[in-house]
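2 protein chains.
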Amino acid sequence: MRIDYKQAAEFIKNCDNVLILAHSSPDGDTVGSSFALCRALRNLGKRVNVSCADEIPEKYDYITDWCAPQIFDVETVIACDVAGVHLLGENNAVRYGERVDLCIDHHISNTDYARRLLLGEHSASACEVIYTLLVTADIPVDRMTAQCIYTGMATDTGCFRFENVTSETHRIASVLYTYDIPFGAINRHLFDIKSKARLKTEQIVMSQPEFCCGGKCAIIAITADIIEKEGLDDGELEGIPALPMQIEGVEIGITIKEKERGVYKVSVRTASVDASAICANFGGGGHIRAAGCKFSGTYLEDVKQKMAAAAAEALEYDGQ
Amino acid sequence: MRIDYKQAAEFIKNCDNVLILAHSSPDGDTVGSSFALCRALRNLGKRVNVSCADEIPEKYDYITDWCAPQIFDVETVIACDVAGVHLLGENNAVRYGERVDLCIDHHISNTDYARRLLLGEHSASACEVIYTLLVTADIPVDRMTAQCIYTGMATDTGCFRFENVTSETHRIASVLYTYDIPFGAINRHLFDIKSKARLKTEQIVMSQPEFCCGGKCAIIAITADIIEKEGLDDGELEGIPALPMQIEGVEIGITIKEKERGVYKVSVRTASVDASAICANFGGGGHIRAAGCKFSGTYLEDVKQKMAAAAAEALEYDGQ
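Protein chains in written order, with our numbering: chain C, 1 to 320; chain U, 1 to 320.
Check before you lean on any hint, since a few could be wrong.
Because identical chains share one entry, a pair is satisfied inside a single copy or across any pair of copies.
[Stated by the list, open to error] Straight-line C-alpha distance at most 25 Å; calculated PhoX-like pairs for lysine-lysine:
#, residue 1, residue 2
1, K306, K229
2, K294, K265
3, K304, K196
Calculated directly from the structure, the hints in this document are not laboratory data.
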């Protein structure tokens with residue numbers, strides 16, 4: 001059931017013993033929104049924990065390491081930035097999938113699985129939704145909460161680069177910049193500094209992208225071999241899907257990550273066509289310029305072919 | 001003579017037959033601020049041209065191609081984003097260096113060479129200063145003017161990444177986002193899309209950076225050979241100085257560009273120490289995290305050694 005900011009504000013003010021769920025393969029926005037909400041509610045004296053099916057990348061330690069787990073029986077379940085039950089990851093989906101009391105999200109592809117859904121469909125990040133929700137609920141935003149919110153806003157917009165940025169995004173950022181937060185160092189940490197393994201991986205995957213649709217679509221693959229050999233974690237792989245879009249003339253960038261043998265996570269980025277629609281062909285979803293889908297029990301070449309065909313359809317490319 | 005926004009507003013409202021000077025080796029901020037001011041003043045019926053010693057890179061065509069030159073005798077000279085007379089480039093320095101009526105800038109290293117100086121020393125870009133000036137002067141900002149201003153704000157902050165960003169930067173961006181401007185496409189154009197020559201150049205210069213100060217300083221060189229072989233223009237080289245800062249552990253990134261045989265333009269980026277002070281050793285200047293200097297009549301190895309020594313001094317690195 002869709003609810004508005006006022007209703008969601010009432011809900012979070014009145015809940016307690018809260019478990020906040022982030023999505024699997026956690027990114028800056030699901031981590032930032034989950035820990036921002038956790039922090040703000042704990043500041044009110046509530047008991048709150050955050051759970052994520054996968055390990056949270058080390059790069060986000062600076063917004064999570066304040067948060068010692070608390071012991072309580074879960075009464076309320078809130079999902080942050082989780083567009084569908086399956087994105088909770090297997091354990092959390094089985095255990096809590098049927099009992100999510102509130103989902104706070106910004107994905108147009110949200111399946112409306114929760115009892116209540118606060119959907120900021122024009123918000124660039126779930127963190128933007130969280131910020132507006134906290135302001136609506138008149139819940140104080142302290143320095144660390146602001147830092148969590150900034151992290152999700154920045155990571156989901158490529159540091160204010162992507163098409164999802166709005167006037168409201170910058171307005172909120174302008175307020176967050178009044179806090180004493182080392183923004184320059186955080187941006188360097190999130191967007192600039194790369195481990196040598198990451199730099200090498202970029203060189204490998206970008207040295208020979210595969211092109212289709214007359215150069216309008218570029219496909220890169222990060223195989224399990226590369227990930228293992230370079231010892232990369234999820235945090236180090238974040239942002240790779242933006243790389244094929246750097247190539248002049250490319251309108252659809254497809255990044256295929258082999259999560260384990262035969263299991264592929266595909267990220268689609270687009271300049272003009274609907275990325276979410278491309279991924280919907282394969283049970284995935286997301287946003288108009290950034291979306292994803294999964295394939296299991298198949299081969300890399302098969303995934304490439306299927307994605308290339310979907311890209312050609314989206315571009316109405318007939319091989320001429 | 002330093003003047004404030006109100007005085008500068010009076011000045012630009014009352015001037016006419018204006019020549020606006022951008023700095024040589026033009027970047028997004030000098031181009032954006034010059035053409036924003038030109039546009040806003042032409043909209044008032046004044047006669048205004050922009051002049052730059054070097055050719056303006058093609059990538060900025062989208063903010064300059066509306067501007068057909070006008071014919072008039074120059075009465076007023078305004079410099080935008082030009083910290084010193086020598087940065088006007090040889091011809092413009094000789095011709096107009098002594099008669100700059102107003103300089104609009106944000107570099108702390110500005111030499112106060114103009115008759116009047118409006119210096120936004122805490123502004124991330126000259127375009128931020130221009131925006132505040134136009135608002136102060138009550139001069140309308142139309143869509144193209146806003147697009148020029150956004151371009152300089154975005155390029156001088158690495159799209160809101162660098163340490164120079166303030167709450168005010170985002171506040172102005174929030175206002176600019178209310179205009180019907182294709183921000184996503186512009187950001188892609190400015191920050192993401194790279195020609196194949198640029199991508200190859202990045203791979204060449206980043207394949208073997210030289211390290212000193214125990215890995216805290218990285219030096220890369222773009223030789224005249226590479227520039228010529230890949231056919232790169234100034235626009236395609238913008239942003240390269242940010243690359244050595246991507247390497248984990250690097251606190252000073254030095255990029256040496258061989259402009260012509262024996263003439264080197266050095267760009268310094270820093271994470272913690274004062275880049276402007278490092279460059280001041282060699283007659284250069286700029287900002288605390290981004291600065292530059294020049295060397296003539298010497299060899300690349302000599303430039304590297306001098307810069308490495310200055311970096312060691314700044315880091316108080318004694319080789320232990």
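How the hints compare with the structure:
no. : hint        : verdict
1   : K306 x K229 : neither (27 Å within a copy, 39 Å between copies)
2   : K294 x K265 : within (5 Å within a copy, 48 Å between copies)
3   : K304 x K196 : between (28 Å within a copy, 23 Å between copies)
This entry does not satisfy hint 1, going by the numbered hints stated previously; all others are met.
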